[in-house]
Amino acid sequence: MLCNAIWFLFMGFNPPALEIPRGYKWLYNITPQRYSFALLAGIVFGECSDSHLAQMARAQALRQPLDTSDWPLGCQVITNAPPSIGKAPIKLYIQKVFGIKHDHLGEYLGIMVAMIVVFRILAAFTMRYVNHQKR
Numbered sequence: 001m002l003c004n005a006i007w008f009l010f011m012g013f014n015p016p017a018l019e020i021p022r023g024y025k026w027l028y029n030i031t032p033q034r035y036s037f038a039l040l041a042g043i044v045f046g047e048c049s050d051s052h053l054a055q056m057a058r059a060q061a062l063r064q065p066l067d068t069s070d071w072p073l074g075c076q077v078i079t080n081a082p083p084s085i086g087k088a089p090i091k092l093y094i095q096k097v098f099g100i101k102h103d104h105l106g107e108y109l110g111i112m113v114a115m116i117v118v119f120r121i122l123a124a125f126t127m128r129y130v131n132h133q134k135r
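Residue 1 is where the sequence shown starts when you use the UniProt record's numbering, and the numbers rise one by one after that.
Worth flagging that the hints you see were computed from the coordinates, not collected in a lab. Any given hint might turn out to be false.
Claimed, not checked - Derived DSS-like pairs (lysine-lysine); straight-line CA-CA distance at most 30 Å:
(1) LYS87 / LYS101
(2) LYS101 / LYS25
(3) LYS96 / LYS25
With the hints as extra help, turn the sequences into a complete structure.
Given below as structure tokens:
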């Protein structure tokens, strides 16, 4: 229970991943839930091509309206955001705040599978060598 509480604390929600103090970054990097969250958020919110982002920047510079209703979810602009965020697409927001990049999905998946394998091996060794029947 304590491990889960610590892991959820350092998963990257509060404080955001890029604002975690340098001394605690190692804890952020070994948190298993971080990689499953990054994989899910990267798949759902991280997909937006560079051409779409360039079109959005061009339209914003020229102050022209742009219909993004047919574009992926990562290209949608965050509405009612605080002034510190501005009018940013969801993809750029999750990169800026959580450090999640759509290009790293393979890395997140590989680390998540490796952690599952490591925990399974640790559980197997524990069941083999820890005997609770001895008095």
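Going through the hints against the structure:
1. Taking the CA atoms of LYS87 and LYS101, the gap is near 19 Å; set against the 30 Å cutoff, the hint holds.
2. The hinted pair formed by LYS101 and LYS25 meets the criterion: a straight-line CA distance of about 18 Å does not exceed 30 Å.
3. A distance of roughly 16 Å separates the Cα atoms of LYS96 and LYS25; the hinted pair therefore holds under the 30 Å criterion.
In the structure shown, no violation is registered for any of the earlier numbered hints.
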